[in-house]
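The lines below spell out each chain.
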Amino acid sequence: AQSVAQPEDQVNVAEGNPLTVKCTYSVSGNPYLFWYVQYPNRGLQFLLKYITGDNLVKGSYGFEAEFNKSQTSFHLKKPSALVSDSALYFCAVRDRTGSARQLTFGSGTQLTVLP
Amino acid sequence: EPEVTQTPSHQVTQMGQEVILRCVPISNHLYFYWYRQILGQKVEFLVSFYNNEISEKSEIFDDQFSVERPDGSNFTLKIRSTKLEDSAMYFCASRTEGTDTQYFGPGTRLTVL
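Quick note, the sequences are listed as chains A and B, same order. First residue of the first sequence? That's -13 in this note's numbering, and the numbers climb one at a time after it. First residue of the second sequence? That's -9 in this note's numbering, and the numbers climb one at a time after it.
Derived by calculation from the structure, the hints in this document are not laboratory data. Even glycine gets a Cβ: it sits at the ideal position worked out from N, Cα and C. Be careful, since some hints might not be right.
What the hints assert, rightly or not - Pairs of lysine-lysine, BS3-like flavour, derived with a Cα cap of 25 Å: (1) B:Lys73 with B:Lys47; (2) B:Lys32 with A:Lys63; (3) A:Lys35 with B:Lys73; (4) A:Lys55 with A:Lys44; (5) A:Lys8 with A:Lys35; (6) A:Lys8 with B:Lys47; (7) A:Lys35 with B:Lys32; (8) A:Lys63 with A:Lys44.
Unchecked claim - Derived list of chain A stretches under chain B, where covered just means 3 residues or more per stretch with a C-beta under 8 Å from a C-beta of chain B: (9) 5 to 12; (10) 17 to 29; (11) 51 to 61.
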């Protein structure tokens, strides 16, 4: 069965510093990986995805993620954090069996950017 | 920009009552999903729906749950006899043909008393 793991429940970073939110995956075959963000009382917003191609994927709001096949990781990064980036971040992998393409989510990482 | 919408934003019900959660997916999308998130836990897949039938469902989606697309715009999740453990945030999502990106609604918070 496929899965993703987010080893950190909480990440704190100072505004202006680079941020990394970690994600590792376990799938058979090539993974389809996603990052979503959830602001308080809001739904999940799509940030970026990796399907194939360049290992560095750029997404919304200045975020990017690096796919590393040897380390089975897909860490989310941003060069300079903003206070408004504070939110709950979810890594997800797409199911490769069946036609529905449902997502399996990690447990989430709460990012707090301190002013 | 088109969005997935969900109503109500918060539903409070008594145990054993039926609830219907409503979603309006993005208009040209063909694949629809329900997920739930129990407080403090991860987002879990419940069911997917395509071409007026269920395409996949998880173990969570038992006989108490049903989905329907009653018209060309709404997509509903019904829980026939709610239990305390059904209390969660329920998210609807949709995607179009040929893409893997799902777009999520803001969620309905269901509280079962």
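Checked hints:
no. : hint                 : result
1   : B:Lys73 with B:Lys47 : holds (19 Å)
2   : B:Lys32 with A:Lys63 : holds (21 Å)
3   : A:Lys35 with B:Lys73 : violated (36 Å)
4   : A:Lys55 with A:Lys44 : holds (17 Å)
5   : A:Lys8 with A:Lys35  : holds (15 Å)
6   : A:Lys8 with B:Lys47  : violated (29 Å)
7   : A:Lys35 with B:Lys32 : holds (19 Å)
8   : A:Lys63 with A:Lys44 : holds (10 Å)
9   : 5 to 12              : violated (count 0)
10  : 17 to 29             : holds (count 6)
11  : 51 to 61             : violated (count 0)
The structure is inconsistent with the numbered hints 3, 6, 9, 11, although it conforms to all the rest.
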